[in-house]
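Asks: Chains A and B are the protein sequences, given in the same order. With the working numbering, the residue at position 221 of the first sequence is 221, and numbering never jumps. Basically the working numbering = 1-based index in the second sequence + 1000.
Hints were generated in silico from the structure; no laboratory data involved. Here the structure is a predicted model, which means the values were calculated and not measured. One should not assume that every hint holds.
FRET-style restraints, in silico, Cβ to Cβ [claimed, not checked]: (1) A/S96 / B/T1186: 36 to 46 Å; (2) A/K263 / B/R1133: 50 to 60 Å; (3) A/P184 / B/G1072: 40 to 50 Å; (4) B/K1077 / A/Q77: 23 to 33 Å; (5) B/A1180 / A/K280: 47 to 57 Å; (6) A/H189 / B/Q1163: 38 to 48 Å; (7) B/R1177 / A/K22: 49 to 59 Å; (8) B/A1180 / A/E277: 13 to 23 Å; (9) A/R267 / B/Q1163: 41 to 51 Å; (10) B/R1177 / A/D266: 29 to 39 Å; (11) A/E31 / B/A1180: 29 to 39 Å; (12) B/G1072 / A/E31: 38 to 48 Å; (13) A/R104 / B/K1049: 22 to 32 Å.
Calculated cross-link-like contacts (lysine-lysine; reagent style BS3-like; alpha-carbon spacing at most 27 Å) [what the hints assert, rightly or not]: (14) A/K89 / B/K1160; (15) B/K1156 / A/K280; (16) B/K1160 / A/K282; (17) B/K1084 / B/K1049; (18) A/K262 / A/K52; (19) A/K89 / B/K1156; (20) B/K1049 / A/K89; (21) B/K1077 / A/K89; (22) A/K282 / B/K1077; (23) A/K321 / B/K1189; (24) A/K280 / A/K269; (25) B/K1077 / B/K1057; (26) A/K263 / A/K111; (27) B/K1057 / A/K89.
By construction, the Cβ of each residue, glycine as well, lies at the ideal position given by its N, Cα and C atoms.
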Amino acid sequence: MKERPISICEKQFLLEALWEGKRLDGRGCNEARSLDIVYGLDWGSCQVTLGKTRVLSQVSCQVVEPMFSRPNEGVLQVNVDLTSLAAPKFESGRPSDDTVELNRLLERTLKESRCLDLESLCIVAEEKVWQIRLDISVINHEGNLFDVSSVAGLCALAHFRRPDVTLKGDVVTVHPLSERDPVPLGIHHHPVTTTFGMFQCQSGDTLTVLDPSLLEEEAMLGKMVLGVNGYREICTLHLAGQILVDKALVLRLANLAAEKSKKIVDRIKQSLAADEESRKAKGPRGFAAKNRNNSILHNAAPRSHFDFTRVTPLARSVVQKNKSSDVANSTINSEDGVVDVVPEGVQTIEDDDDSGEDSECEVTDVKTKAQLMEERVTERIELDDDSEEDEVITLEKV
Amino acid sequence: MDVESSAPKSELRPMFCEVGPITRSDGSCMLSSGDTTVVCAVYGPGEVKPSKELIHKACVDVVYRSRVGNAGIEDRKQEIFIEKSCSSAILSVLHPRTAVTVNIQEMHNGGGLVAACVNATCLALLDAGVPMRFLIACIHCVVLADGTVTLDPSLKQQAKARQQNGSATLLFTFESRTRAVISSHTEGKVTQVKLQEAVTMAQSAADKV
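Can you build the whole structure from these sequences, using the hints too?
Replies: Here it is, written out as structure tokens:
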């Protein structure tokens, strides 16, 4: 589905406001929207909201054969889905450029930075390893998908617990969750991305804004995504668009990103601890409980109880009543080796025909079967005589 | 909510809905029935691909995604059921050669997922202002081998029904004007009396939805 493109006056308004140092939603140029992390009931399920952009992530695991090149390491698979749920321009089927960019960026941030301890995912070298699959679904797209997806992915990985495995000789036992407590994944460091949108000033300078909203994303000339972990190490650097940057800008943004990432990583760790506590205290958890806040857009219904003691006898009587009309009683006539199942309805119609008064067709002649067969015969062919095609020549002795 | 009892209960789990979580779509809602949470967005009536275009009415396109894994056959089955339930409700003849696109994302499955999806779709269609003949409500029930009929089952109860021989999972969709059944989906064996019982119970439950 095509989307409405940003109009020229909207773009101009945005740029002029930025030249004055103002953003449309009132934030500062280096201010991000509020980040909210909610964990689901299952291990490895997480929903992250940045302003109105909402992303859901889920981690699952499976035992597979390892890659040939890395026989004693587990496999991490990252999959991002941009469906038309998030925005009308995304279509399921062939991945669009945005999807590929997002996928690749997350792979670089989470896989190639080696933040997950893959060697601990090995069960039997060269034969069995854990494959961790991270599925990220974008629920709402209001700008800055990169940041939200990376935080969601990281939170889900940090939250996930895999089943415990014991090895006795050659026998591998995967314990179900009911038998043994699941084991968390080993995470070395926490890389989080920060996105900067870049605009061109009248004077030729480059203006950067942190965490661009949807409108800013559509109007911006270029973007820079920096993935920094909690130890101020840069894991990812992605520059896209039509803007020229100089190294001073890159260094400045890297510093900014490092500060922001540290705060976000602290937030993630805090949220994990809070979830752990509420799990132990059996408090309200999960998306259903946490997504509630007092808003006129919300409506809740309490548990509804019903009294169904009279239903069974009522049901029986309904079925009995309908039984006589629904079930067709059919008679079975067997004559001369031919079994005919004649439903009752058909017989009554035949009776009507015999009376002849109501039916539309007239009975002209009544013939027996033998007579009908006689009439059908068009030509009689006698096959008793010899065929007269060959002439019989008697040879006489001369 | 965390403790799932396997005792039969004739009650609907507490429901909660939020309208408008998805800002880009024409209508959206997030519905949770107990712990089962789904998000649904509706776009339409709008642009349609020429291959899906119908000249006399709007085409209803449902896209369902589960939390884990790529889209599979199970997802397609859900899509078809949801589409059949909604098509009868939407006044599609008012908008020929357009498409009403329904997108559903599962957020958490705590049992009764498809029912939650259909209910969420109805709410999202309302929010989008798509002309509808009536509202629809979907109830999930489970008939166990010992004859007990349970409404709105939790995941454990659903799994038990699937494993037991002689039990069935039933899905009914009702319409709001006469409480007639629009669509139903059955997996498993059930006697006629039990079916009738389940329909009656589900009908009264649909009032609440």
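Asks: Does each hint hold? Answer for all of them.
Replies: Do the hints match the structure? See the list:
About 39 Å separates the C-beta atoms of A/S96 and B/T1186, a value consistent with the hinted range of 36 to 46 Å. Take A/K263 and B/R1133: their Cβ atoms lie about 52 Å apart, and the range 50 to 60 Å holds. Restraint check, A/P184 to B/G1072: a C-beta distance of roughly 29 Å breaks the suggested window 40 to 50 Å. A hinted range of 23 to 33 Å for the beta carbons of B/K1077 and A/Q77 is consistent with their spacing of about 25 Å.
Take B/A1180 and A/K280: their Cβ atoms lie about 48 Å apart, and the range 47 to 57 Å holds. As the Cβ distance of A/H189 to B/Q1163 is approximately 44 Å, the hint placing it in 38 to 48 Å holds. Range check, B/R1177 to A/K22: Cβ separation about 53 Å, and the 49 to 59 Å hint holds. At roughly 49 Å, the beta-carbon separation of B/A1180 and A/E277 lies outside the given 13 to 23 Å, and the hint is violated.
The given range of 41 to 51 Å is respected by A/R267 and B/Q1163, whose C-beta atoms sit roughly 42 Å from each other. The hinted window of 29 to 39 Å between B/R1177 and A/D266 is violated, with their beta carbons roughly 55 Å apart. A hinted range of 29 to 39 Å is violated for the C-beta pair A/E31 and B/A1180, which are about 55 Å apart. Between B/G1072 and A/E31 the beta carbon distance is about 42 Å. The supplied range of 38 to 48 Å therefore holds.
As the Cβ distance of A/R104 to B/K1049 is approximately 28 Å, the hint placing it in 22 to 32 Å holds. Distance restraint check for A/K89 and B/K1160: the Cα-Cα separation of roughly 41 Å exceeds the 27 Å cut-off, and the hinted pair is therefore not satisfied. The suggested pairing of B/K1156 with A/K280 holds, with an alpha-carbon distance near 21 Å, which does not exceed 27 Å. For the hint linking B/K1160 to A/K282, the alpha-carbon distance of about 25 Å falls within 27 Å, and the restraint holds.
Pair hint B/K1084 plus B/K1049 holds up; C-alpha atoms about 20 Å apart against a cutoff of 27 Å. A hinted pair counts as satisfied when its Cα atoms are at most 27 Å apart, and A/K262 with A/K52 qualifies at roughly 22 Å. For the suggested pair A/K89 and B/K1156, the alpha carbons sit about 38 Å apart, so the restraint of at most 27 Å is broken. Restraint check for B/K1049 and A/K89: satisfied, since their Cα atoms lie roughly 13 Å apart, inside the 27 Å limit.
As the CA atoms of B/K1077 and A/K89 are separated by approximately 25 Å, the hinted pair is consistent with the 27 Å bound. A hinted pair counts as satisfied when its Cα atoms are at most 27 Å apart, and A/K282 with B/K1077 does not qualify at roughly 35 Å. Between A/K321 and B/K1189 the CA atoms are separated by roughly 22 Å; this keeps the pair inside 27 Å, and the hint holds. About 17 Å separates the Cα atoms of A/K280 and A/K269, which keeps this hinted pair within 27 Å; it holds.
Of the pairs offered as hints, the one joining B/K1077 and B/K1057 holds, with about 23 Å between alpha carbons and a cut-off of 27 Å not exceeded. Under the criterion of a C-alpha separation no larger than 27 Å, the hint pairing A/K263 with A/K111 is consistent with the structure, at around 22 Å. Taking the CA atoms of B/K1057 and A/K89, the gap is near 23 Å; set against the 27 Å cutoff, the hint holds.
This entry does not satisfy hints 3, 8, 10, 11, 14, 19 and 22, going by the numbered hints stated previously.
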